[in-house]
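J.: Sequence:
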Amino acid sequence: MAEGLLDEKRPLAGFLDADGIRDSVDSLRAAFATRPGVRVLHTFAAKAGSLIPVLRLLADCGMGCQVAGPGELRLAVEAGFSPAHIVLDSPAKTRDELRLALALGVAVAADGLGEIRRIEELRSPGSPSVLGLRVNPQVGGGSIGATSTATAASRFGVALRDPGARERVVRAFAERPWLTRLHTHVGSQGGSLDLIAAGIAETYRLAEEINSSVGTHRVAGIGIGGGLPDDFADDEARPDFAEYATALRAAAPGIFDGRYDLVTEFGSSLLAGNGFIGARVEYTKDAGGRRIALTHAGAPIATGTVFMPAASPLRVGAFDEAGRPRGGPPMVQDIAGPCSFTGDIVAHARKLPELREGDFVTLQDTRAYHFSTPWAHNSLPRPAVYGFAGEAGGLRFAQVREAQSLDSVAAESGLRQADALTGLHGRH
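Oh and the sequence shown: position 6 is 6 in the numbering used here, straight run, nothing missing.
FYI, nobody ran anything at the bench for these hints, they're computed from the structure.
For every residue, glycine included, the Cβ atom is placed at its ideal position computed from N, Cα and C.
Hints should not be assumed to be uniformly reliable.
[Said to hold, decoys possible] List of simulated lysine-lysine pairs, DSBU-like, C-alpha gap at most 35 Å: (1) K9 - K285; (2) K47 - K351; (3) K285 - K351; (4) K47 - K9; (5) K9 - K351.
[Said to hold, decoys possible] Here are the in silico distance ranges between beta carbons for each label pair: (6) A103 - A322: 30 to 36 Å; (7) S340 - S213: 56 to 62 Å; (8) S192 - A84: 31 to 37 Å; (9) D407 - V332: 50 to 56 Å; (10) A420 - R290: 31 to 37 Å; (11) R118 - A33: 44 to 50 Å; (12) S213 - F341: 53 to 59 Å; (13) Q399 - G358: 39 to 45 Å; (14) R205 - G323: 53 to 59 Å; (15) D407 - R205: 55 to 61 Å.
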């Protein structure tokens with residue numbers, strides 16, 4: 001607030017801790033570095049922070065990038081990731097997407113046997129792309145159904161326990177020497193470490209079966225997608241990367257013996273504790289015996305929290321108009337957003353010091369999902385995002401993304417084509 005990044009004219013902004021992100025990457029790398037000779041490419045799931053400055057910071061830290069679709073691929077290239085360190089994994093790749101990935105040399109995780117056949121049509125013998133197949137080990141779902149990707153009827157990958165599926169996968173690798181990687185993703189949010197490890201262990205056993213059947217080391221790499229479940233209770237990350245790696249070693253020790261290249265795919269766990277949203281309290285009111293603070297931090301930037309509050313609860317901080325912690329006895333309050341529907345509440349019945357008009361709240365643990373992929377409900381403009389580094393009292397800030405202008409909102413809503421429909425004439 002002293003820098004003028006939050007005030008009455010700028011009532012909403014996102015903030016990212018650049019040093020914290022670097023520390024998270026270091027922790028991830030250390031967790032997998034306990035066994036010499038194991039080759040690991042740590043990729044960042046671009047969907048968790050699809051802002052080019054964020055991606056460039058991670059590339060500068062030596063990370064790779066997992067992308068889903070042509071937009072994220074473009075962002076990864078612009079951010080400076082080497083094509084050899086980019087993995088394209090999405091369930092509905094077009095031929096044009098595949099042609100581009102193969103031309104660039106990006107690794108591709110085919111989502112099914114039909115896509116394997118499509119790649120076979122498009123690839124040239126000299127393509128440098130590492131090509132693999134995503135499988136669904138069908139080990140079950142976690143506590144959040146919407147984020148579970150290894151259920152019996154999941155739409156991702158080849159369902160290994162369906163009749164004949166495992167045999168078809170083995171045959172696909174036997175017939176195609178250019179298929180050299182298996183990929184799996186069990187889901188992170190709501191998934192226990194035991195569940196995630198069980199899915200990866202099943203994929204490792206499939207790799208062993210394929211190599212034994214083919215009689216050569218055909219599967220050279222295993223992509224272990226899916227990251228850690230977030231813990232929103234405090235500033236400690238639980239479970240952490242070391243616990244994750246320990247669970248994998250217990251479930252599939254052979255995966256760390258150096259015979260397989262590993263590709264990880266962490267997203268929100270690298271950013272979750274390294275960001276927050278600041279929002280102005282525009283009004284307060286009382287309704288039904290409940291105090292409500294109306295802020296600018298609602299569904300557009302906290303979409304998951306608004307629609308699945310039990311799965312994505314956020315800690316809330318209360319500050320006065322000068323940015324000082326708000327004091328006073330706690331009272332039960334709802335923190336509401338600006339959208340024109342009843343459910344736009346980011347925190348229900350929280351005990352906080354009494355908030356007043358002109359105060360500010362912070363939403364903790366708001367990773368870059370919130371900043372980079374806002375929902376344009378009510379055509380609300382996207383907020384500015386800033387990065388910071390240093391110690392309290394000596395922080396340095398850098399703008400990551402400008403606040404969206406109303407001119408931009410109008411342009412995205414078809415301003416240049418304003419007369420397109422009024423100029424159409426015809427008969428029904």
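J.: Verify the proposed pairing of K9 with K351, using a straight-line Cα cut of 35 Å.
T.: 28 Å, holds
J.: Taking 39 to 45 Å as the stated bounds, is the beta-carbon spacing between Q399 and G358 within them?
T.: 24 Å, violated
J.: Using the C-beta atoms of D407 and V332, is the stated range 50 to 56 Å upheld?
T.: 41 Å, violated
J.: Indicate whether the distance between the beta carbons of D407 and R205 respects the range 55 to 61 Å.
T.: Holds, at about 56 Å.
J.: For R118 and A33, compare the CB-CB distance with the range 44 to 50 Å and indicate the outcome.
T.: 37 Å, violated
J.: Run the distance test for K47 versus K351: straight-line Cα separation, threshold 35 Å.
T.: The hint holds at about 33 Å.
J.: K285 and K351 were given as a pair; does the straight-line alpha-carbon distance stay at or below 35 Å?
T.: 16 Å, holds
J.: At the C-beta level, are A103 and A322 separated by a distance inside 30 to 36 Å?
T.: Given about 55 Å between the Cβ atoms, the range is violated.
J.: Could one say that the CB atoms of R205 and G323 fall in the range 53 to 59 Å?
T.: 55 Å, holds
J.: Between K9 and K285, is the straight-line Cα distance small enough, at 35 Å or below?
T.: This hinted pair holds, its Cα atoms lying about 22 Å apart.
J.: Look at the Cβ atoms of S340 and S213 and judge whether their distance stays inside 56 to 62 Å.
T.: 59 Å, holds
J.: Is K47 close enough to K9, meaning Cα to Cα at most 35 Å?
T.: 30 Å, holds
Hints 6, 9, 10, 11, 13 from the earlier list are contradicted by this structure; the remaining hints agree with it.
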